[in-house]
Each structure stands twice: as C-alpha cells, then as structure tokens.
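Given the sequences, and given the hints that come with them, work out the whole structure.
Numbering (the working numbering), first residue to last: 1 to 1222.
Do not rely on the hints blindly, as some may be mistaken.
[Claimed, not checked] Computed beta-carbon distance windows for the label pairs: (1) Q967 x R937: 31 to 37 Å; (2) R1148 x T1006: 43 to 49 Å; (3) R1200 x P984: 25 to 31 Å; (4) A952 x K33: 37 to 43 Å; (5) E612 x T1006: 56 to 62 Å; (6) A934 x E139: 53 to 59 Å.
Keep in mind the hints are simulated off the structure, nothing from the lab. Each residue gets a CB set at the ideal place from its N, CA and C atoms; glycine is no exception.
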Amino acid sequence: MCDNENDYFEEDEEDLLDGQLPVVCNQNRHLQKIEGSPMITQTWRMKERMKTVSVALVLCLNIGVDPPDVVKISPCARLQCWIEPNPVNAQKFLEAIGANLQRQYERWQPKARYKQCLDPNVEEVKKLCLSLRRSAKEERVLFHYGGHGVPRPTVNGEIWVFNKSFTQYIPLSLYDLQTWMESPSIYVFDCSNAGIVAESFKAFAKQTPPERNESRSEGAHSGASVTDESTTTSSTGSSSSQQQAPFNCILLAACGKNELLPMNPELPADLFTSCLTTPVRMALRWYVLQNSNRLVPSLTLDMVEKIPGQLNDRRTMLGELNWIFTAITDTIAWYTLPRDLFHKLFRQDLLVASLFRNFLLAERIMRSYNCIPISLPKLPSTYQHSMWRAWDLALDLCLQQLPLEGEGDGAVFQHSPFFAEQLTAFQVWLTYGFEKREPPEQLPIVLQVLLSQVHRLRALDLLGKFVDLGPWAVNLALSVGIFPYVLKLLQSPARELRPPLVFIWAKIMAVDSSCQVDLVKDKGHLYFLSVLGDQYMPAEYRTMAAFVLTAIMNDYRPGQAICLKDNVIATCLEQLNDSSGELRQWLALCLAKVWTNYDNARWCGVRDSAHEKLYKLLSDPVPEVRASAVYALGTFIFNGSERSDHANSIELGVGMSLVQCAADGSPLVRKELAVAFGGLVETFEAQFVVVAARIAEEEKQKDRSSPVIVGETSASGSGQFLPFHPSASTTSLEPSDANAAFGQSVNLRRCSSGTSIAGGTAISLPFNNVYTSVWRSLILLAADPHPEVSKLAKEMVSFIKDRIHHPRPPPGMNIMHMSSPACLTGSPSSRPANMRHGTPPPKNLMSQSQSAVPQNPPSPAHNAMMTTGAQHSIQFPLHRKVFDKGPSQSEEKDSEEGVLRQLPSETQLFAWSCLHFVNPLMRIPADKDPESLAYHRRQFKYLRNSRVRARARYDQHRAGFNRLDDQIFVNRTSSLPSLLAFHPYENFLSVAEKDTVSIWDWEMGTRKSLFVNGHHRTSRVSSVEFMNPHDDTLLLCGSDDGAVRIWRNFESEEPGKELVTAFQAITDMLPLQKGAGLVTRWEQESSTLFCAGDVRVIRLWDMQTEARKQDIPTGADSCVTSLASDASGRSLLIAGCGDGTVRLFDRRLAPTECRVMTLREHSSWVLNVHLQRGAEGKIISASVNGDIRFWDPRFTESVRVHNTQAGFTAVDIHPRADVIAW
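Structural data, given as structure tokens:
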C-alpha cells in the first residue's frame, strides 16, 4: 500500500467531477433585481424635421467687367457652373449660368422652389427674399450669393449688388438681408474675403430681439410697394420666435476674411460652388490636377469628364463613385462632429446634409490652394481625416478601368471593393476589439451598404452583432440614421433577411419602445406576425418576433387594435406547447399585452379559450413561464369593463385555477399571483369583505372554544397526547400581518397533508367557494417567507381590513339587514357545469345557492360587522361596474381613517423580462469565457476542491482506526447553538441559533458574519445546508414553520448578504409539542431538495425548476427526524422517524408503492441516518438511546450494532470518511 499523497488524487468513479455537477439558483431571476432598466432619454430622433423649400440664386457676375479691387492674373479661372462665359453675349451666358446653377441644386433638392436673381439691384433682392420667406413660412430658405463680378465685402457687413443702370456698385447690408430672410435660413457666399461676411453675420445675429423687431417692421413698411402689407406683417410675426434663436441660420463661406479665391485657370472660377453642387466632378478634376494618380499615369481631364454612368445609378462607375463619396463624407462627419451638431446638419434637412457633405470636400480642395472655407456653426478640421485616403484608393481602382486613347471600351466594369473592405474592417473591430473603445468609424458605411443587395445580408449580420453590445450601441446605430433603412427593409420578402432583421428590431424595441408608433404606421407588425407564425424559423427568432409584437402593444392602444385585427391571439395560442421556454414566456406576455385594459381583445381571447389554454403553463417547468402565465391571467381578470354574469363566471374560474400557484416554489410566480388576486379582490370587493370577516370570526370562536390537542406517538406505541402551547413551533402572522389585521389574535394553522389549500376543510364555513379559496391563498401569501411577496399580499389583506372597518356604501343605496352571507355567488362550486365555458348564469342562481347552504344563526360579531355597514356590500349586484367605488375622495376624507389603501396593480416582471433583449445575447457567459475572471475563479475552485478531496483521502488512509481527540476550535455563542454545518471545502462553519445564523472561521477562531434569518419570532432554524459547495456557495436555512430561505454572500457582513429565494417547502406542518421542525436533505447531483419533519410526507423539490416534484407518504404516525439519499443513481431515500423506525423508499415508484422497507430495531427517536457511498454502502442509523446500527439495504435486520454507555443528543456521520461524531 502506497503512502504517496499523489496516488490519492484520482477521483472515485461514481463521483461526478465539479464541472459536471449542476449549479442551482444562479439564473438571472436569482442574480438580478426584478426591475426594468432606467428610462434613458433618446436623442437620436429629430425633434422636428425641416425642409429647404425655397432657394434664392443671386449671381453678381457682370460678365466682361472685372471688379475694381481684384487684380486677376492672365490666364485666369473663367468657368462659372462649368460654363465659360463670353463677354460678347454676356446676358445669354448669364442666363445659361443661372440655369445651370439651378440644375446643380436641383440634383440635391428637386422639389424646392427656385428663383434666380441675376445681376440684381437692392430692391430686386429684397423683393425676392420677402417673397420666398412668405411662401416658405416655417421652413428653411437658401440664399446663394455668387459675387465674382463685384467688389469684396466691406468691414461694415455689406455685400455688393448693382443699380438699375449698371453704372454703380450698391452695398447691401447683411443686417437687412437677415431681416428679410428671417430664420430658418441657410446662406452660401461664394466670393473673395467671404470671412468678413461670416464675422458680420455673427455680429448682426447677436442683436437683441427688440432691435430686430423694430428693424423688421421698418423693412416691412418700406417694402409695402413690393408686397402686400398684411401678408408681410403675418409673415414676420409668425417667425418672431425663431429670430430669438439666431443660430437657427446656417452660413457657408468660400474663404477667410483676408483670402482671395483661387485663380488657377485649370479650376472653375466658382470653385466653392462647384464643390458644393458637383462634388464628384470636382473631386475627379482635382484628383487629376494633383498628379498623384500613380495607378493611372496617363489620365487626363478629358477622360474623367467622360466617365460613363449616371450619378443616381449605383451600378455604373459614376454612380458607384458618388455612392462611395456619400459614405465617406458621412463617416467623416459622424466620427468628427458632436452628435447633436451631426443630427442638425446631416439628418434634419436633405439639402443641408448634402451641402455639408460637399463642404468637407471643399475644405480639402480649397486648403490646397490656400483658402480655408468657413461655416457657421463652425466645424472641426477634417481635410486630413484618414477616410480621405480610402477615397483616393477608390478613385485609383475605378479610374484605372477607364480605356486609354485608342483602346476599345468593351471592358466590363468591375465594382469597387470599397464596401466589402469596410465591412471586413467593421468585422475586425467587432471580433478583436475590447469593450471600452472608440466606436467604429465604419458604422455610417454600414448604413450605406444596406442599399446594396449584394452586401445587405452581411451588413445586417454585422449590424446585429454591433447592436448586441448594449444600449449604447443601439443608440449609436440609431443616431447615425439606421432607423429608416431597417424600417424600409420590413417590406422585403427575402427569407434570408428575417433572422438578422428580427434580431436588430428586438434590440431597437428593447432600448426605445417609442418606435412602436412607426411600426404601426408602416404596418411593420405584419412582418413579425409572419415570422412568429413561421414554424420553420428557429425558436429564438420567433421569440424575438413575439417580443417585438409585445413591445408594439405595450401601453399603446393603436398597436393593440392593429395586432388584434391580424389575429395575434390565435398565432400565439397555436405555439403555447413549443419546446422553447423563452418562446412560451413571451407568448404569454404577448397575450397579456394584447388584452391589458382592452375589452375587445379580452373577449376574443374568451372566444378562443385563451385563458383555458394558459392554465397548462401554470405547471410549466420554467419559473419565468409560470410567472408570465399568471401575469397574463391576471391582466385577463384586471379589466375595467362593464360587469356581466358571463364575465364574472370567467374571472372566478380563472381565480380558482390560480389558487394552485400559491404553493409555487418561485417568488417570481407568487408575486404575480398576489397582483392577480388583487384584480379579483377589487372586482369582487364586497364578497371578499364578507368572506374575510366570517373567517376571522370563526377563527376567533375556535380559539375561545378549546386548545389545540396534538401529540407525538412514542416508539413504544403509547398514544399519549399533550396539549399544544402557542409558544411551540407554529405559523402565525405578526400583528401587522394578514390575520391580525382584523383586530384579534388569529393563529394560522396548517391543515393535514391530504388537504389542499383550496379545499377549505380545515375551517367549517357555511360557504365553500372561490372567494374562500382565494382569501386563504392570500393569507398564506401574507405569511410568505419572501418579503416582496408578503408585502404585496399584506396590502391586499389590509385593503379588505379597511373595507371591513370603514365600509363605503354606494350613494342612495338602502341598507338591508341580512342574517347570512350565503347570498354570495360566483363560485364555480355553486354554478352549473357549463358556467366555466362562458354561459351566463340563470336568474334564479342566487336563490338556489341560498337554499343549498344551511342557514346558521349569525354570531354577535357577525351581526356587529353587518350592522356597521358591511351588509351593503352583499347587496351589490354582479352586473354593477367594477370601479363604482361609492363615496368620492372628499367624502372618504371625512371618515375616521381618511383615504383607504389602494391595491398594487403591477409588478416589474414585464420590464425585467425586456432586459433579456437589452443585454448582450451573443456574448459568451462570463463563467464560460476562458478570458474572463469569473471563469478563472471557477477553475481555481474546481482544482482546489479536487486537491482537498485528495488530501482528505490521504489523511484518512494514514489515520487508520483511532480516536480523534485533537481540539482545533473552541468558541462561545450568544445563545445555545441548535445546528452546526461545516463547509466541505472552505474553512468555515455555520452555527444556527434560534433567530440568527453565524459563520465562523474555525482555523482563525473568529466570527465572519452574523445575520437574522427572518423567520417568524415563534419559529426557529431547524435545518442548515450548503448548496453549490463546489462553486459559488449558497446557504439554505430551514425553519420549523416549513419555510426555506437561501442566502448569498452569507459570509460577509450584514449589508452584503442577499436573499436569493425563499419559499414554503412544507405548508402543512403539524404543531407538535416535541417535533423535529423542518428536516432537509440537499442532493447536489440531482438538484433535489428533500423536505420532511413534522409532517406525514416527504416532499421533493426540483431547485432547477423551483417546483415540487413528488410527495412521498411516510406511512408513519410520527415526525421525520433525518433524511439520507443515494446520489449515485440508486434512487434510494431513507427516513429516520421519531418512533424509532427507519424507512426506505424507492423514488422511481409511484407514491403509494415507493416505501420498500421498514427497519424497526430502534426503540426511540432516530437522531441521524446515513447511506455510505458505493454499491456496497451500508445504512447507518443512531438513536437517542445510544445505539448505532449498520444495515444492509437488502435485509430488514441490522448487520452490526454499536452501543454506547450513555444516550445521544446529537450524532453526525462523515459523508466520505468512516468517522462518526457524537
């Protein structure tokens, strides 16, 4: 036999490795707070769109006459709008230049109203400006000034025009021009020293509104001969508010205040105008003039003038160059400008956006000729941006395909690889970039690529990966202008586009739900309905389609109406049995949103039996699905519609079906249940008031009649019963809790294991109906171990309490004395069988129910309750309006207690569910990402655990069979410890006292934390388990009232601990004088929690689904004191009982047949049972008499007995080593 420690490193074959063990209570519902994301103000959507509807083209060329203050070189630039004027026929060429300039502008805004003013005087300019402003109203007007034939602007803020006889240059004040043009306006000044105009423009714009109004009124008066006086007054008055924002005007100037326009004869004289209106043609010319065309060395100006194609046809060379130019300039602007300025200049107005894209080119070209264009608002310098090199490369690759002189032109045009390369760069950014980095500069290019069918699918895939990064990425994509493109693509029939398009829209709707208006307007919901109904589409995309439809209908009546019209209810109901849990969840939420506060949809759901089909989801294995189903049924109930017998029948049937969820293991479900019951309570308030008062009265009478007698059968068979004391382990509500709300002490008793919550047999009521069942469920929820659930339920109970003590009869109602509440109707138990299917009740139903119920004489307390005003509630007819509250708020303030409580109407389930689509969906989970810190922490724990087990095997081998007397930890607690539990891998143990649980470091001898478990003050902690000990450990604390609470970060101080989940593991605990409380056994391998104790069953909970798996009857007349199970797959369950028996169960069999053996050699209370690991493992049991017995599971007699001299108070058996401690 080897003594080397490394030989013990190999794991046992039947043991699962740590990586194979399941981890429970680590889903989003456990890790996150159930609430939605905070509302973020969206800035991508333009508050107002603007359009340039009028354009004034003012050209002061005076062809053939040079201005006196400019000395031109020879030869000099002569081209004006790509026309070389001839002084011989100056007027003809002037008109041709004006017409050509208009065509160049019409390329960018064809629907605008254009007016030319060629070589004008002041009056003509004034008349033109006032006329255009009057017709434009609140829209933008463009003023283009070409001053190549007049002197430079003056420092006083004047530009030059002519007199009527063309004998003098007449100054035109910019101040007057601003007054005539008003705002919003855009000015283009193409003249030398244009920077002077920009400075004067800013100075005049800063003048106070009174000065501006006075000047404007004078201008209107002086221009009475030109325009109608009343029209001018209304026009100026309508825009007075806009004049208060002077920078609503935009200005583009060709050069600085000390700069002259370039005179290079190879350039146009109106270089700035050519860049703004014909950018591609100007860029090609400048490309040739720079002599940088190394790939095309023989390129000439004549060749680039003959490039084939049209600018608006992307299939041609010229059209593709224009497309690339648009993408590059958009990218430069988006990456350089602030977001608000980018939206204002590049997304608000199509003409303004085109001019500013072209302005970026003008800056690049004119800077090479020592001119710096100016803009107001000022733009940062962009002429050296890296994307210009991509433009040069695109020109090289396109222009090298031009045929040289003498060659044929039959070559096929090869499209530029620009967009494919930019998508590759975008993909590299997505793949290899890190989280916190600059946004990709290719995003605007992706927008342009969506216009191409060749690259559209790839662009959508990459865009989907980008928006999956988080809300910031979605906002970034929307700010660049992606929304109208993806909205338009919803009209595409291409099936291959459906997955990425649905994914992108799910991300958009999760971040900005206001897009529901656009989808309804464009009938985009049809696209998602078709995806949802497509059975060949993967479930994840159908889930996203269901989410988008839900978001469309959320709090938006037009969305509800249009989806209802197109059969969204039927489409959802057809897929409720789908295997995808997320799809089932969102189908239920979609149904909830379609009929929330919408009675038409509700009755359509009734016609399709939607509520009955949703009942199946109440037992779904996924807690989120169950919660969504309860939410949907709750909104089905909570509708403020006209009451009718048919509606009441349906709602009460739904309420009766929801009662089963009161014992659900997930607090997510129980919170929704409490709110759903709130709808019933508010609808049938009168009936619940009477039921609650009657139950409270009967509980009070039972407390006065006799004490509860409950006993424990001893092992010897003597059936001695002992009186039960209130101080024992029972469940009763706090004074502020549910039952104490009625003003008396009411203890909540558990019924026997065979009695359901809805049965109501524990208390003999003269009526047993849905109101009783719902009220009992609310009482249980008010005592729920989860604080959020109990808070909601307590609000319901307090609401009914207020109605009992401070009733509010409807105005004008006669108060009638009634001796019995038997007239309460609406219960499925008192209705004909067909009532659950929507048949209206017969008129004599109330009389039938009265005769069927025995008439007991009313108690004094009941008579008091009835005479104080509760009897009016019974008089409410079932067809009354649900929100007929009786007295007004002012009348209620005059009552003794003031305004009564209001019921909670909704939780955060829907908002929290939407977070799934807000967060990244494609990202690898942190615990599975090899580069994440969480992954390395988990791997470290797995390696540590393996070494701890190896060391334990080695130490066990060396220890042999000896007595362990070494003392390693001694400390004192504040009260008597009741439970101890060692962590299998960490160096701490938990110590449970009556109300608190403390965590101790047994190596250092110090206490790490102390916290209050939160159970009822009359209860105690009776069970402690470590869950997920191999991973992120959770602490399970069970109290003897049957409640289980699971804690995270329990080893930290009080502020750091977190309640992961809590539920009532056993709802029918027997109040024994000497009981075991709640006994638990945690089986990590199967994620099963075994619960027993002062009860006649062993309940199995699946902690992955948080649902009850099975109830196994013990067959004993005593409590269960300890549990053991076989985790290696033998399905063996062992229970030690208070009568001294040890009972063996096979979990694979039916509950009535699963007890396979009973071992009866112990004569007293069994303290502990244990099943050794391995196929030959023995059963070990110990009793309080001091005998330890070893059993072979195949026989009913023990194979070995070890008797001690004294009895035991506690015994524990090591789960792996052969060590017994007592």
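Now for the hints, and whether the structure bears them out:
no.	hint	verdict
1	Q967 x R937: 31 to 37 Å	holds, 33 Å
2	R1148 x T1006: 43 to 49 Å	holds, 46 Å
3	R1200 x P984: 25 to 31 Å	holds, 27 Å
4	A952 x K33: 37 to 43 Å	holds, 39 Å
5	E612 x T1006: 56 to 62 Å	holds, 59 Å
6	A934 x E139: 53 to 59 Å	holds, 56 Å
Comparing the model with each earlier hint shows no violations; every hint is respected.
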